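K.L.:
Residue-level listing of the chains:
There are 2 protein chains.
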Amino acid sequence: MRTVFFVSDGTGLTAEMLGHSLLAQFAGIEFKRVTLPFINTPEKAAGALETIHAQAEKDKNRPIVFCTLVDPAVKPYFRTNEALILDPCDAFVSLMESELGTPSSHRVGAAHAIEDLRVYMGRIAAVNFAMAHDDGVLPRDLAEADLILVGVSRSGKTPTCLYLALHFGIKVANYPLTPEDFGSQGLPKLLAPWREKLFGLTIAPERLAEIRGERTPNSRYAAADNCRFEVEEAEALMRRCNIPYLNTTRLSIEELATTILHRTGLTRFGGGAG
Amino acid sequence: MRTVFFVSDGTGLTAEMLGHSLLAQFAGIEFKRVTLPFINTPEKAAGALETIHAQAEKDKNRPIVFCTLVDPAVKPYFRTNEALILDPCDAFVSLMESELGTPSSHRVGAAHAIEDLRVYMGRIAAVNFAMAHDDGVLPRDLAEADLILVGVSRSGKTPTCLYLALHFGIKVANYPLTPEDFGSQGLPKLLAPWREKLFGLTIAPERLAEIRGERTPNSRYAAADNCRFEVEEAEALMRRCNIPYLNTTRLSIEELATTILHRTGLTRFGGGAG
Chain A
1456 MRTVFFVSDG TGLTAEMLGH SLLAQFAGIE FKRVTLPFIN TPEKAAGALE
1506 TIHAQAEKDK NRPIVFCTLV DPAVKPYFRT NEALILDPCD AFVSLMESEL
1556 GTPSSHRVGA AHAIEDLRVY MGRIAAVNFA MAHDDGVLPR DLAEADLILV
1606 GVSRSGKTPT CLYLALHFGI KVANYPLTPE DFGSQGLPKL LAPWREKLFG
1656 LTIAPERLAE IRGERTPNSR YAAADNCRFE VEEAEALMRR CNIPYLNTTR
1706 LSIEELATTI LHRTGLTRFG GGAG
Chain B
1456 MRTVFFVSDG TGLTAEMLGH SLLAQFAGIE FKRVTLPFIN TPEKAAGALE
1506 TIHAQAEKDK NRPIVFCTLV DPAVKPYFRT NEALILDPCD AFVSLMESEL
1556 GTPSSHRVGA AHAIEDLRVY MGRIAAVNFA MAHDDGVLPR DLAEADLILV
1606 GVSRSGKTPT CLYLALHFGI KVANYPLTPE DFGSQGLPKL LAPWREKLFG
1656 LTIAPERLAE IRGERTPNSR YAAADNCRFE VEEAEALMRR CNIPYLNTTR
1706 LSIEELATTI LHRTGLTRFG GGAG
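So the sequence lines, in the order shown, correspond to chains A and B.
Residue numbering for the first sequence follows the numbering used here, starting at 1456 and increasing by one per position.
Residue numbering for the second sequence follows the numbering used here, starting at 1456 and increasing by one per position.
Any given hint could be a false lead.
Unchecked claim - Sample of chain A residues at the chain B side, in silico, Cβ under 10 Å: (1) S1476; (2) V1582; (3) D1601.
Stated by the list, open to error - Below, simulated DSS-like cross-link-like pairs (lysine-lysine); rule was C-alpha separation at most 30 Å, straight line: (4) A:K1513 with A:K1530; (5) B:K1652 with A:K1487; (6) B:K1513 with B:K1499; (7) B:K1652 with A:K1652.
Just so you know, these hints were derived from the structure itself, not from any lab.
Note that this is a predicted model, so its numbers are computed, not measured.
In this text, a Cβ means the ideal position worked out from N, Cα and C, and glycines have one as well.
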């Protein structure tokens, strides 16, 4: 067991994401993860070092520290040999300065800082759109949507819609496929005018049964044979109607959202720090 | 204007976040950003290089490439002198191998990979909670919530709730402060039992008027004097009742969410790759 710290003068999100990514390359080791965000004064830097030193002593092992401090008024106070400090600014900023022929600005927390109103409103509008139409869509909503996700209930549509809205400002509508849709040869009537906007989600029937069973155990809705029937019919419909689709079973929400962006060619909006 | 590429064998999210963070240190330069995700075969690596070389020729300048390729079957094919390649694996993995005394696994896309069902269900449950209670909360919802955000309409409660749910699996309820709440000396009646769970959001009245005006221009709701009144009364209430609060005007959704986590001491759930 090793302890890993994420130390930042801002939110810590960049340090965490970089760290999680690199730690995933060491699958055999168990890591305890601690985020120390908003380290923005020399006193807080000293406090963070104390925490790290105490952990080193407790663990009898040097902690690993992913550090994204940039403020020159704070960074010099965060130095120690009792941890392995990995700092992407140290690693990359001087290379970037030479390449760009200009010094860096040492701005704190700049990655997630103030968005302009247009970007903010775009994200909010997309979030509101997703929330308003999660329970059922009207024809005019489908017209407004950038993308329409189709799939059986609990196949992952809602969190994917919200991720796409929150991070990329994309308006996603959500159409649940139900047994009523399985009979016909063509697309469900409501969807027919919007073939180009459709993207399907499917899921392993076993996982679907597990997910549905969490909320409504022992129901017909969550029964293994019913889940298998719905998934098979939904996949047949998507193949028949040439709806591109993705299996969500082994993908995280992040992977689903970015894969859909990539496949559909929709543009990532603003600087949503995904 | 310089072009920046984010090249990944997975989603590209880590490369983007790291890159945005470092590019923010060069405020004077305009960057064109291009993500090339899912580069997971030698052919795709060659295709990515072609894209980058074409851009270099067009720009008459070397692009900057943030690269998080790890697959040893792909990575060797992604080499060029016509771009500045910045690769956190190259920079950090061998240091981590020495520190941990074990070789890395070169697993692809491991950062955002398959979550266990418990973590997934936690995120989904929190998202569903946020969505179900955005339009109005009942007493039993407040009992179930991990956190209750209070603030005037359009102060940023909804996106913050969703971010906390989606990324950290935290159940956040949302209580809009309205003129009816401003009269009384104490907390609004519904909130009184849950003092410990409350966290306030406030906003500059000018920004509030702008945001409200986008949806309902020239309304009483969006009028400057009404926004000022509501914000002043809401802040007075929060101070009177000792509700900790944050001004959302100059913060992104990411900053809001992580600042609230930090101030309330709520735990980040699972490995939500925020």
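K.L.:
Could you run down the list of hints and mark each one as holding or not?
P.N.:
We went through each hint and held it up to the structure:
{"no.": "1", "hint": "S1476", "in the structure": "4 Å, holds"}
{"no.": "2", "hint": "V1582", "in the structure": "5 Å, holds"}
{"no.": "3", "hint": "D1601", "in the structure": "18 Å, violated"}
{"no.": "4", "hint": "A:K1513 with A:K1530", "in the structure": "25 Å, holds"}
{"no.": "5", "hint": "B:K1652 with A:K1487", "in the structure": "27 Å, holds"}
{"no.": "6", "hint": "B:K1513 with B:K1499", "in the structure": "21 Å, holds"}
{"no.": "7", "hint": "B:K1652 with A:K1652", "in the structure": "41 Å, violated"}
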